Amino acid sequence: MRAGAYSGQVTDGPLIVQSDKTLLLEVDHPDASACRAAIAPFAELERSPEHVHTYRVTPLALWNARAAGHDAEQVVDALVRYSRYAVPHALLVDVAETMARYGRLTLATNPVHGLTLTSNDPAVLAEIRRNKKISPMLGADLDESTVVVHASERGRLKQALLKVGWPAEDLAGYVDGQAHDIELNQDGWTLRDYQRESVENFWAGGSGVVVLPCGAGKTLVGAAAMAEANATTLILVTNTVAGRQWKRELIARTSLTEEEIGEYSGERKEIRPVTIATYQVMTTRRKGEYRHLELFDARDWGLIIYDEVHLLPAPIFRLTADLQSRRRLGLTATLVREDGREGDVFSLIGPKRYDAPWRDIEAQGWIAPAECIEVRVSLTDDERMSYALAEPEERYKMCSTASSKRPVIRRLVEKHHGDQVLVIGAYLNQLEQLGADLDVPIIQGSTTNKEREKLYDLFRRGEIHTLVVSKVANFSIDLPEAAVAIQVSGTFGSRQEEAQRLGRILRPKADGRQAHFYTVVARDTLDVDYASHRQRFLAEQGYAYTIVDADRVG
Amino acid sequence: MSTSVSARPVASSYTEWLRVQEDDWLSELLRARPDVARPAPADVASLAGRLIGQVSISRALDQLDAGVLQVIEAMVLMPNPIAWTDVTSRLRGVPADALLHSVDRLTGLGLVWGDQDALHLIEGVRLLVNHPTGLGRPLAQLTGDPAADPRSLVESLPALAADERALVQRLAAGPPQGLLPDDWTSEDDPPGMISRLLQRRILVRVSDSTVELPREIGLAVRGAAPFGVPRLRPVPAAGQVEPATLDKLTAGAILGVLQNVEDLLAALDVDQAGVLRSGGIGVREHRRLARAAHVSEASAARLLEISLAAELIGIARDGEHWLPTRMLDVWLEQPLAERWATLAGAWLRTSRQPGLAGRRDSAGRTLAPLSPELIRHGAPATRRAVLSPLALTAPGTSWPADELLALVTWTAPRRGPEFASAARSVLEESRLLGILAADALTGPGRALLTGAGDLERTVATVLPPLIDYVLIQPDLSAVAPGPLQPELSRSLALVADVESSGGATVFRLSDASLRRSLDAGWSAQDLHSFFARHSRTPVPQTLTYLIDDIARRHGGLRVGTASTYLRSDDETLIAQVTADRRLTDFGLRLLAPGVLISTAEPDEVLQALRSAGYAPAAESAGGMVFSGLAQRQRAPGRRTSPPPRHTELTAQQRETVVRRMRTGDTATQAQRRTRAIPSIPGVTTATILESLQRALREGEGLWIGYVNADGQASQRLVEPISLTGGFLRAYDHRREEPRTFAVHRITSVAPADD
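First to last, the protein sequences are chains A and B. Residue 554 is where the first sequence ends in this note's numbering, and the numbering goes up by one at each step. Residue 1308 is where the second sequence ends in this note's numbering, and the numbering goes up by one at each step.
It is worth saying that the hints were derived from the structure and are not from the lab. A few of these clues could be false.
[Unchecked claim] Some, not all, of what chain A presents toward chain B, calculated at C-beta under 8 Å: (1) Ser19; (2) Glu26; (3) Arg47; (4) Glu50; (5) His51; (6) Asp524.
[To be verified] Residues from chain A that keep clear of chain B, each with C-beta distances beyond 10 Å, as calculated: (7) Gly103; (8) Pro369; (9) Gly445; (10) Gln514.
[To be verified] Label-pair distances were calculated between CB atoms; the ranges are: (11) A/Glu391 with B/Ala1047: 32 to 42 Å; (12) A/Val112 with B/Arg914: 41 to 51 Å; (13) A/Val112 with B/Glu1053: 49 to 59 Å; (14) B/Arg1090 with A/Pro369: 20 to 30 Å; (15) B/Val1149 with A/His533: 35 to 45 Å; (16) B/Glu1053 with A/His150: 37 to 47 Å; (17) B/Arg1069 with A/Asn185: 51 to 61 Å; (18) A/Asn201 with B/Arg1069: 43 to 53 Å; (19) B/Pro735 with A/His150: 33 to 43 Å; (20) B/Val837 with A/Asp551: 50 to 60 Å; (21) B/Arg1107 with A/Asn185: 51 to 61 Å; (22) B/Glu1053 with A/Gln74: 26 to 36 Å.
As the structure is a prediction and not an experimental result, all values here were calculated from the model. Just so it is clear, CB atoms sit at the ideal spot from N, CA and C, and this is done for glycine as well.
Just chain A, with the same shape it has in the complex (with noise of 0.2 Å):
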């Protein structure tokens, strides 16, 4: 009976699983897709270079799995029979424990006390009646297994059981929001396998984020996920630009019309069936108060959608907490926060629904192949010496704009002429420098939104083939035929601004081209440093990056 547990076959696996929670799956192996299908609901996907690909297995993976309804005889099961030396015993046994947390505690509705929470389980009620952090949060005892909860703290409560490691499973439910027709315009195209898939996981899951890369059509998992909806949708968006770009795609994609969406912004503050809103306006605050946030209860809202959920401001976390009862989509091309905060994103958004490998998509066609070039640039001996004598706050933005990029930015675009170009930076005087060189317009933050509007325009239009662009151009613009992009400067290490601006040139070409995604920096200072981490996030999805020398671009 007992030798069941353990006799799993024996194998040569693709799988290597670490004390550390981390597997190692090489991705030669015959048996590698199999694999991958059978970890990927438990281990996050760390990085998918060429060879070995590194997933994790996190507490919160666990509870992914759990909450997409696996249990943790599947997990140790697909551990035991791909792995190909012996799995750490306490391995195994972390996972049963961790697995086992999750669905303790449940959320419900009762329909005389309304929210309550149940455990099957009196000890652990009784420890998270003890703790002082949720204690306020929970009401009179019906019985032993379960309390009423403040309706009011429904996400806050959701994020407090989390860190303290019973993620409670909210089956609460949600409500229908106003009902509002909104059918996919499915004229001339379909829904892509990974986008239908995303939204029957979501759907399912009721709330919750879906991973996919830039340029995999994210918008389209909206939309269908609001015509599934059929109801009042708030859309949050990064920018006004981001925005507008949403309203054109809805109203060419589905059967909403100009009149039924509204645009919520520092301009505009419509409230329409559908409306889009900048995060920026949502956290404005005058005389200490959010002055926006009636937006939410302006409308029995059915869905919320986030763009770009690994950028959700503080503030929005807070007042996602009061939305519980509505349904959530995330909608990101990657989870890596940069403040850690992905365990609010799990609590209060909810699990991640969906993710694909970014080669995967590319392979299926689906985004542009791209090549990483990291181009090195020495510095003269002046620039050497003030690089090293200048003040360590300084040091960054005094090599990423040394002059001696300059040559070989004017080089590359050269190189690619004929092709949509854009510049990418930082710093503004920078980008100046470069728009007089190559005589080109600039888009920086004092742009007006109708210039800005207008040269994207050009620039789709291929009027204009190259652009300068600061960060505001990092999110959520569309310009499908950008083919070649060379950031010169950027905000530090971030790695998720770097898959941002590649996202920027992944639009899948009409004919097919590649594209290309260069970074200059100058040699032996701190602008490699941070362009090495910039790269891990890329480097981790499989692409491959390149360095070359200045003097042999052109």
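Place chain B on chain A using the hints.
Same frame as chain A, but now just chain B:
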């Protein structure tokens, strides 16, 4: 019934019975009870005296399994002489061969003597068994009221209420005592069940918190099975682990524990840990090491203890720091199999009990890992006791831990209360070391326990083959998908940082790590060819570029290795030393004007210079006159296993003892014939001690012959009160008061009614 008992002539006393046994039988007795053989007894009479000593009897009882204990406990309930059929008839349900084995074992240990119609239980046993077969004391003894009548109580039993009956039945099954709730008083519970039972004396309160069921009631409830339910040997439900699976699990555990120990001790090497005043390692240091080795704190404690047992760590000469010993350097050079054998062997033998770390002592203080308080001399025996039943099973047999422990407990139930938790930690440690996996004894574990076969070869066969390559990836990680050859592993640890270890190792190549290898004397070309040779995947362009880029910048500052420098302001002297042929072996090289370097150690160079007639002075690092040579600190190793105390006697030793006793007997008997004294002062014969014990138990008066401190002999009529520590306390009828008599001065004993 054993023929070995009945075949011998009828003996009238214990000493006599021992004397008529064969030499071989006596030799076996000495093997089973080695404590009575040291120092060798002068004759059989003194052997008998030792055999009935309470301490020795207690040791003998500790060896008995639950089945044999049930038999001897049953005999405790019966007066001597005991007819064997009386025992067997009341132990129905125990197989005949188990009963036979029991009586053989008991007579073989000298706890029971005589033949099957008249067996005698050594009196001392009766005093040592608290609740024979789980029965309480007789009513009269419990209440202190000789007139108490158990019969009426027994007759009242059928009238008990259901809850009362349930309680009585539970206590009747044994143990017969029950604990009252902490705050229980009879006033609290006047109409309650316990009060009612106490009032009717069906329960007797024996202390504030304890009640006991009188023996007569227990017997009445047990009815046809007066000695309780047969305690049969438990048979664990065996499973079967496939050999390949077992080997895989074993390899995983072995590689894991070796890696963990290496990581743990590397962390200790970098940053030594302070020694607590109590001798152990502090909580904070303990946590730091656990984190460094990516193990739980409990595992870290066990690994540290195992390292200490293997003498891989010790206390520095200053007495204030824990650090690796020189043994660690040796150990790290050994092949994996040998490393494991060192650890596992040390663990099996150590008299420390790692599982105690983190527990609290009786004063509530937490026991620190590595502290002397973790020493338990019984620890090696506990390990063997727990694991040896598995060594008798077929390879791959798995026994659930609980069932294994049940069997181990049955084998020797009298072991102390610490045993259960000690046994559990033995299992934990065995799993950690790869001695147990999936509840089965592993190949290496079996070889370790039985000592059969070549241990290291057995270990080597389960370990996966070593690999000689890595997979280098564009994100500058290098993955070794299996255990690496030690040499390659060391090189990689230099050129890259370990990111994750286990079955595979993940290395990260970075500017810093590549620079480190250049610092260590590798050239860019060395690095290129190293990666080209050992990478199974194409070397990524980024790595090639990085190596060249770093190498280009490397060496703006030059750092070399030299063990010794020589400096002087006198250039002529420097020139002279450089040219001196007697010093050519030291590879002196002019580094800069006035500075020579050598690869030899400073003390060697000093000595050579002096013997060549120069007058050098040694310098410290600061240029001061030298105070001592810098050396990597190493703790002296320390033995943790003191020689075991009661080692077994060899057959030859036992034979010698038996022969000496026989000679002694002859001499004593010769003396007896010439002197008419029944016994000699100074020799406490078994008979005297036993008579005293019996008189005490039966409450009988005795005539004793006594020699006082002045050498005056007398005959006294006494009523024994107690017998402890070699002294008899008894009421002396002549003095009409209680007196204390030294047992060794009692020369003879006779019942008072004779």
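Status of the hints after comparison with the structure:
no., hint, in the structure
1, Ser19, "4 Å, holds"
2, Glu26, "6 Å, holds"
3, Arg47, "6 Å, holds"
4, Glu50, "6 Å, holds"
5, His51, "5 Å, holds"
6, Asp524, "7 Å, holds"
7, Gly103, "25 Å, holds"
8, Pro369, "15 Å, holds"
9, Gly445, "33 Å, holds"
10, Gln514, "17 Å, holds"
11, A/Glu391 with B/Ala1047: 32 to 42 Å, "37 Å, holds"
12, A/Val112 with B/Arg914: 41 to 51 Å, "48 Å, holds"
13, A/Val112 with B/Glu1053: 49 to 59 Å, "54 Å, holds"
14, B/Arg1090 with A/Pro369: 20 to 30 Å, "25 Å, holds"
15, B/Val1149 with A/His533: 35 to 45 Å, "42 Å, holds"
16, B/Glu1053 with A/His150: 37 to 47 Å, "45 Å, holds"
17, B/Arg1069 with A/Asn185: 51 to 61 Å, "59 Å, holds"
18, A/Asn201 with B/Arg1069: 43 to 53 Å, "46 Å, holds"
19, B/Pro735 with A/His150: 33 to 43 Å, "40 Å, holds"
20, B/Val837 with A/Asp551: 50 to 60 Å, "59 Å, holds"
21, B/Arg1107 with A/Asn185: 51 to 61 Å, "59 Å, holds"
22, B/Glu1053 with A/Gln74: 26 to 36 Å, "28 Å, holds"
Hint check: no violations occur; every hint is consistent with the structure.
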